[in-house]
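Go by the hints and put chain L onto chain R.
Chains as they are written, first to last, in the working numbering: chain R, -18 to 140; chain L, -18 to 140.
Treat the hints as calculated values from the structure; they're not laboratory data. Note that the Cβ used here is the ideal one computed from N, Cα and C, for glycine as well. There are no misleading hints in this set.
Per label pair, the in silico range of CB-to-CB distance:
hint, chain 1, residue 1, chain 2, residue 2, range
1, R, E98, L, D26, 41 to 47 angstroms
2, R, T77, L, Y62, 36 to 42 angstroms
3, L, D118, R, R75, 42 to 48 angstroms
4, L, L94, R, N23, 35 to 41 angstroms
5, L, L102, R, D(-5), 22 to 28 angstroms
6, L, G71, R, E110, 37 to 43 angstroms
7, R, D(-5), L, M61, 20 to 26 angstroms
8, R, A80, L, V114, 29 to 35 angstroms
9, R, R75, L, E91, 48 to 54 angstroms
The lines below spell out each chain.
2 protein chains.
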Amino acid sequence: MAVARAGKRRNKLDPSLLADDITFLIAKARSMATAMANQRLNRYDLDLRMYSVLSVVKYGDGPSQRELADFLVLDARQVMYVIDALESSGLVERTTDPADRRSNIIRATEKGLDVVEKAELIVRQVEEEYLAVLDPDQVQNLRTLLNRVVNPPSGLDED
Amino acid sequence: MAVARAGKRRNKLDPSLLADDITFLIAKARSMATAMANQRLNRYDLDLRMYSVLSVVKYGDGPSQRELADFLVLDARQVMYVIDALESSGLVERTTDPADRRSNIIRATEKGLDVVEKAELIVRQVEEEYLAVLDPDQVQNLRTLLNRVVNPPSGLDED
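Next up, chain R with everything else stripped away, as it sits in the complex (with noise of 0.2 angstroms):
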């Protein structure tokens, strides 16, 4: 039976739902960078996590799957189906590591590299857009804060 609602409801989800719970703002944050992010990486047949494996290997010296899983902090297996889609796209390549020849490591080729080029700077405005509601002063701290997280201070030699 249609049972008569008394007025509207309470809470249509409102903003302020769960805005105390830092996993879930962060959660967030990165869905609404990677919606931004994906849409206009489309053009390359890229997306966010291509684009950031993409520019690990770039910037990185030949990484293994491992070593990228690592830094990533994802399972081997996702980095895999990444490599694979990067590398059926021409982006990157496999090969033998000639220090332990079990291992592959990841190279961009010279269409990755200039797709990362392009892509880097989709990403980069996405970033200035969904930052613009902060200062300058805010986003370095909010750099900083982030950074701290992800790589806590330990007592390893840095060198």
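Same frame as chain R, now just chain L:
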């Protein structure tokens, strides 16, 4: 042919790599939190995304799938899969919205409320662990900055 390597590699994905890139730092922070949380939520057959949806369902007042997707900045299909998983575990149920019979609203079951309460403790503990590198002022600062990014101030009436 086996090429001798000139010493060890220049750069084994040094933590400073991409450390200026806030989009990357957010993605990595989210991956860290997800990896830590998933490992421990496993005992309730939950992952962090299921937990997030279940939390929003709990605190929202019978949101629709569309409202959940908008709120979490996920696409409707992703949210549908998560709700399917939660429903088949008996943690939520879909009911027809009495205000709009074409639409479903999602509500937590008794079991769902019980599980989400236990999961909250786990997620809270994970958060404390990865934020332990920050002092309380920095934690509050991070919360404020992320909130501003995720819920940008708008001209809308907040009531």
